[in-house]
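Order-wise, the sequence lines are chains A and B.
So that you can map any letter, position 71 of the first sequence is 71 in our numbering, and since no number is skipped, the others follow by simple counting.
So that you can map any letter, position 24 of the second sequence is 24 in our numbering, and since no number is skipped, the others follow by simple counting.
Only some residues are given here: those of chain B computed to face chain A with a beta carbon under 7 Å:
| no. | residue |
| --- | --- |
| 1 | D42 |
| 2 | P43 |
| 3 | F45 |
| 4 | D56 |
| 5 | L88 |
| 6 | T102 |
| 7 | F105 |
| 8 | P107 |
| 9 | G108 |
Honestly, the hints are just simulated from the structure, not real lab data.
None of these values were measured; they are calculated from a predicted model.
Ideal Cβ placement from N, Cα and C applies to all residues, glycine included.
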Amino acid sequence: AQTVTQSQPEMSVQEAETVTLSCTYDTSESDYYLFWYKQPPSRQMILVIRQEAYKQQNATENRFSVNFQKAAKSFSLKISDSQLGDAAMYFCAYSYGGATNKLIFGTGTLLAVQP
Amino acid sequence: AAGVIQSPRHLIKEKRETATLKCYPIPRHDTVYWYQQGPGQDPQFLISFYEKMQSDKGSIPDRFSAQQFSDYHSELNMSSLELGDSALYFCASSRTSGVTDTQYFGPGTRLTVL
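Taking the hints into account, I'd like the entire structure generated from these sequences.
What follows is the structure, encoded as structure tokens:
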């Protein structure tokens, strides 16, 4: 069974600094998809970034980038120039795709941004 | 851009009552997913529908049922409610085009069972 592990329950970063959130996963599949979702205090689930396993190039979305290490089954999120609005719970998620497209989430990392 | 709509946003029920949650996917999205997020927990997959047919089922209690209608909206019906059903229920939608597409989440329905 696929599992997603986030080993950092809480992280803190100073405004304008860079922070990296860790995520590891376990799967026997070769094609799959990885996501980072952000959940601010409003509890809305917001997509941050997506990575296809068949792509070697790491995904980037503005200040957000990932370090995807397929062999190590690692998928970390780097937030550059952190802003107060980045404070939220961040969930790493895995999807196999196809008919079974459900998301399997990690337990989340609560990110605090200090002014 | 249009987003996923969920109604109601908040719902308070008594034990053993019934609740119905509604989800309206993003236009042209053909797949709907339901997730349950308990307090301090990550979202757990309940059930999904593709083109009005159930496509996958997760840890959904037998007391719960769901369906997707011809206009692609979906309803989650919950009967014999228990205190443990208190949670945030998300609906997400995607456009399945032969490859995994990204799921976009609605704002959630917060269900409180007293």
